[in-house]
Amino acid sequence: MKTFGKISGIAAALTVAALPAVAQDGAGAAPSAVPTDTVWILNTLLFLIGGFLVFFMAAGFAMLEAGLVRGKNVAMQCLKNMALFSIASVMYYLIGYNLMYPLGNWSIGTDETGGYLGAFATAVLEAVGIGADSVDDYGYASTGSDFFFQVMFCATTASIVSGALAERIKLWPFLIFITILTGIIYPIQASWKWGGGFLDTQFGFLDFAGSTVVHSVGGWAALAGALILGPRLGKYKDGRVHPMPGSNLTLATLGTFILWLGWFGFNGGSQLAMGSISDAADVSRIFVNTNAAAAAGALAALVLTQILYKKPDLTMVLNGALAGLVSITAEPLTPGMGWATIIGAVGGIIVVFAVPFLDKLKIDDVVGAIPVHLFCGIWGTIAVCITNPEASFSGQIISIVIVGAFVFVSSFVLWMILKAVTGIRVSADDEMLGLDKAELGMEAYPEFKS
Amino acid sequence: MKTFGKISGIAAALTVAALPAVAQDGAGAAPSAVPTDTVWILNTLLFLIGGFLVFFMAAGFAMLEAGLVRGKNVAMQCLKNMALFSIASVMYYLIGYNLMYPLGNWSIGTDETGGYLGAFATAVLEAVGIGADSVDDYGYASTGSDFFFQVMFCATTASIVSGALAERIKLWPFLIFITILTGIIYPIQASWKWGGGFLDTQFGFLDFAGSTVVHSVGGWAALAGALILGPRLGKYKDGRVHPMPGSNLTLATLGTFILWLGWFGFNGGSQLAMGSISDAADVSRIFVNTNAAAAAGALAALVLTQILYKKPDLTMVLNGALAGLVSITAEPLTPGMGWATIIGAVGGIIVVFAVPFLDKLKIDDVVGAIPVHLFCGIWGTIAVCITNPEASFSGQIISIVIVGAFVFVSSFVLWMILKAVTGIRVSADDEMLGLDKAELGMEAYPEFKS
Amino acid sequence: MKTFGKISGIAAALTVAALPAVAQDGAGAAPSAVPTDTVWILNTLLFLIGGFLVFFMAAGFAMLEAGLVRGKNVAMQCLKNMALFSIASVMYYLIGYNLMYPLGNWSIGTDETGGYLGAFATAVLEAVGIGADSVDDYGYASTGSDFFFQVMFCATTASIVSGALAERIKLWPFLIFITILTGIIYPIQASWKWGGGFLDTQFGFLDFAGSTVVHSVGGWAALAGALILGPRLGKYKDGRVHPMPGSNLTLATLGTFILWLGWFGFNGGSQLAMGSISDAADVSRIFVNTNAAAAAGALAALVLTQILYKKPDLTMVLNGALAGLVSITAEPLTPGMGWATIIGAVGGIIVVFAVPFLDKLKIDDVVGAIPVHLFCGIWGTIAVCITNPEASFSGQIISIVIVGAFVFVSSFVLWMILKAVTGIRVSADDEMLGLDKAELGMEAYPEFKS
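Chains as they are written, first to last, in my numbering: chain Y, 116 to 565; chain V, 116 to 565; chain P, 116 to 565.
Bear in mind the hints are in silico, worked out from the structure with no lab data behind them. Worth double-checking, as some hints may not be accurate.
Since the list can't tell identical chains apart, any single copy or any two copies may satisfy a pair.
[As the list claims (entries may be wrong)] No more than 25 Å apart at the CA atoms, straight line, and that leaves these computed lysine-lysine pairs for PhoX-like:
1. K350 / K425
2. K552 / K564
3. K564 / K426
4. K350 / K552
5. K475 / K350
6. K426 / K534
7. K564 / K350
8. K426 / K285
9. K534 / K564
10. K426 / K350
11. K425 / K552
12. K425 / K534
13. K426 / K552
14. K285 / K552
15. K475 / K564
Model the full structure from these sequences, guided by the hints.
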């Protein structure tokens, strides 16, 4: 036994305690099989634990973004993150959940062909005090726990957008975009895969926890917005890139650690089951691989920035960790730890090259969300083919393109409409003054002189 | 199945993996019933998970309050939060636990009539390596896990007080108050409901996770203190309210997210059981409703401050989320998501109006603890009647009044005694200088110029 | 029942819901015994939950250290913490895990005599979708969950070192040291106890969760480094100790709360099992004792600094809490809450005296890591004898000495080699300028004037 020493050193050694305990408590020999009610409870528990971990990613994004924007826009960034999460919670309840999981009630399409547009209805939880005979799906988990887990994914997608467009977008148009994104755009494309839609049935698309369905979607929406919104004033002036350093790298570091923590729930919970030995072992593999990929992404960025710039770059290391996490998200189960490490490291490398590449194109992404979530989301989705024999390269590519086209085009149109109707960019004066004073009339750090 | 697409996309589809795994591992067909030992373990696990989440709320309060006080009082606010949590831990062990849960050994009253004063004894955990025949209550959970969960509630009550009285109260008198609050005041009134006391038996009082028992209690204690202590110097001068902006809104935002996270444990754990399908589904409902109410509270405050002040107010949005959480705490189970959303939204609205209302009365509550925890605690306790047919309006109101009167009066007397004996307010010079330099001789941010 | 009142107040009373639910769902009367598959799953779940909590300690260390260094070294401290965790993750996979848990394949020694040097091989997880007949150890838990839990302990050891040596050590030599520490030094000595090595078999050494194996090891490595590295410039000048206050005590407080939270996983998970009533009750005891010791350590430091210095010291209170945690780590199970409180309080007292003691010796430990982790690690390891009758005083002392000698000497030699080959200390100019500007070319708080 791996921990023989540890166990033998304590009074209640496992071989003495756990197994006999069964006998001592039970009616004769303990059976081995997990009762089906217990399976259901354990699956439910996985969603609840996974869900609260993914919830905490909202705090991670808030701290990462608040740390990477300049001091004059910090309070606004906090407000946006609080608001977008709240909007996602409401919209996913009102529209998103059934649009994403129509359970056969497709508005367009069928389960056989794979659907294209889900059902329109608000989410309904199972009744209070329900028994096995009345639960929505006895082979699965409670609907409430499923909703709780899934709403957090919807909110995560929205969080990705806010960082890229920081420091110059108007609050309310941004929140309107988030409303449509979380209520309609995200759920529709997610239904194509996770709701049993056409990408799942016709193209055999594999995306375990959402490198494409969540991360690249946030990335495409952000890219469309960044293109229309344009760069921050002074960012690309006189043919040079002017760095605008984040105001609080400690909080950015904290945010990254929180995101890393939350990702165990994000990927591990996506196993969707923990009620059998097989599933529990798989969840464990996923935890380990997720950690390995994040570590490798951080180290790759650390070494690469040292080589390229002669100095390591903390923000690149942070984004490298996140890049590793996004990269392993499409397939955190089938790789061994070696492949997980490599897949994550490639993610870290991508980010180091992608950030200056975007700057070359004068696409201003304040926190590096597009490199991390879009580029590495694509990479992770392709990397499924390395270790999962069920994946087809063409199916992955086609699905990336279809999801990307749908989200980019619909986001682009939506941003253009918002631009035409309300405007999406604050005035140059407000931007120079900072959104905190201009739009909120308060400052995040009012006492500290800049 | 909701996640058909997701599952079908991974190698180990649930229908292939989970159910057959049972058969493959077990002796013939798997039984459905959860073994009673497993029930006990799962209940225990719920308390442990719920407990560590509620523990983390201590960090949430610390960050929220440290972010909302001025820079010169930040280190003191951190110290108070660390100290009050520690005091609560010790006092609940020494006195509180058995005072709250006398298990029939009432000092005044009986289980039949409902008790008025619990038992005096230190808490005792179950022995090491205990078996089913020796646990304190085989139908429930381990005593250790129960203590762990309950001590966190006691500490939460104390946390509420520290924010309201910040920036002018003396450290040691404050800590003496906390000692009595956590050791005596909180447990006595909590026994009236959760210990099976007279509010429970005679008035049918319903308070699922403590809108009254925890939150309003902290609020009443804070209100009594704020009245006696008086407002900060310069807060209400020349008939005007002078805003004293928080020094670090990023940390206040972080604190709010942490509190939101912890609340899943606070409300979810209060189901007190997770070992049946019914209980696991109920815990899931509670998680979802808790999230919905928080989101709605934040959005209500966002929209309302935009309308009232033409600018959204970040601190109101943060307090709006907390208001939603407090509001749903008395009954997070019976509402559907729609009612949870409405109950939370009303909480957010209450806060937006209550903060200036308190200012009008010249009651200086630094962080908005009284609006959030007292006003919304009352609202949440009344709102039980909306969705829970077992609640009686009169029983709720009477219980609110009895608990409020007991806590407010006993706190008021205690504050007055402390004021007479040691004084509770720092000198005007110390207040102007800041508690960090005056009482601690250190600063939270020594390098940053104010 | 403890929570009679609470339960009776909700619709689904436990006695009504949980037990009948079993009967209603099941085939006749529910059996009591936990099925062996369920035991395995619950043990696995304990490791996963414990593991993510210990993971989060990495964030706690990062915030604690970032808060306690001066502003000019904060970004570097964040980078170091992110990098060392990542390195530990990779090295433990490549070498550490099998070196620590050779499962009989000792390179030197045998299971009978107890081993001295483990096996050299990379870690291998169980296959995807594994069944009961193929898991590595059916009586235990999934290998993946075990690895996940153990890798976090390895990383924790590394985290301890970074704080002590902050503000003057060169990045890359530090990371090389961490590479050897996490890949070789830590796993070898850990194998002596937890891998079933000679300290376990020959000396009956008891160290439940690692007061010695983790904390003192980090402390010894830090002490060796601090001696060779020397104090920060100006710290001990003209025969006086010049305080260099931390730049952000709020983050230090947050870090302490996060560490406290993580410690529930650290100690609770070290029970290694949760699949029986006995184990679940023991985990509960551990949670409670861990909390009690931390609270007592904080309060002891609070009162003692008030007495000694007439002013309480926030950083001492934070370190007092951590000291309590380290002190209870070697034996969090057998004490009652009273002893846990005393053991923790002694830890808090040790720290208050040890910090100035180290300053007297001109050993410059920036964050107090040596008092907390080394001194209290030793105290905690000895304190096992108070409540655990299986502990022998001589066995504990001998083991402390052997582990200490091995780690201190090997670390000392390694630091000396690094000093000779690459140098380990930045130039005086770079130190005055700050590592952030000198080594990273960025600042943590670029906008805030110092």
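Status of each hint after checking the structure:
Within a single copy, K350 and K425 get their C-alpha atoms as close as 24 Å, which meets the 25 Å cut-off; across copies the closest is 30 Å, which misses it. For a Cα distance limit of 25 Å, the shortest separation of K552 from K564 qualifies both inside one copy, at 14 Å, and across copies, at 20 Å. Taking the shortest Cα distances, K564 and K426 sit within 25 Å of each other only across copies (24 Å), while inside one copy they are farther apart (29 Å). In this homomeric assembly, K350 and K552 come within 25 Å of each other (Cα to Cα) both inside a single copy, at 21 Å, and across copies, at 22 Å.
In this assembly of identical chains, K475 and K350 lie within 25 Å of each other by CA distance solely inside one copy; the values are 11 Å within and 46 Å between copies. Proximity of K426 and K534 under a CA criterion of 25 Å is satisfied inter-copy only: 21 Å between copies versus 41 Å inside one chain copy. When the C-alpha separation of K564 and K350 is checked against a cutoff of 25 Å, the pair qualifies both within a copy, at 23 Å, and between copies, at 23 Å. Taking CA atoms no more than 25 Å apart as the test, K426 paired with K285 passes between copies only; the shortest distance there is 12 Å, against 36 Å inside one copy.
Neither within a single protomer nor between protomers do K534 and K564 lie at most 25 Å apart by alpha-carbon distance, with minima of 34 Å and 38 Å respectively. In this assembly of identical chains, the alpha carbons of K426 and K350 lie at most 25 Å apart only when taken from the same copy (22 Å versus 28 Å across copies). In this assembly of identical chains, the alpha carbons of K425 and K552 lie at most 25 Å apart only when taken from different copies (13 Å versus 38 Å within one copy). Proximity of K425 to K534 under the C-alpha cut-off of 25 Å is restricted to the inter-copy arrangement: shortest distance 21 Å between copies versus 42 Å within a copy.
Proximity of K426 to K552 under the C-alpha cut-off of 25 Å is restricted to the inter-copy arrangement: shortest distance 10 Å between copies versus 35 Å within a copy. Taking the shortest Cα distances, K285 and K552 sit within 25 Å of each other inside one copy (13 Å), while across copies they are farther apart (34 Å). Within a single copy, K475 and K564 get their C-alpha atoms no closer than 33 Å, and across copies no closer than 32 Å, so neither meets the 25 Å cut-off.
In this structure, the earlier hints numbered 9 and 15 are contradicted, and the remaining ones agree with it.
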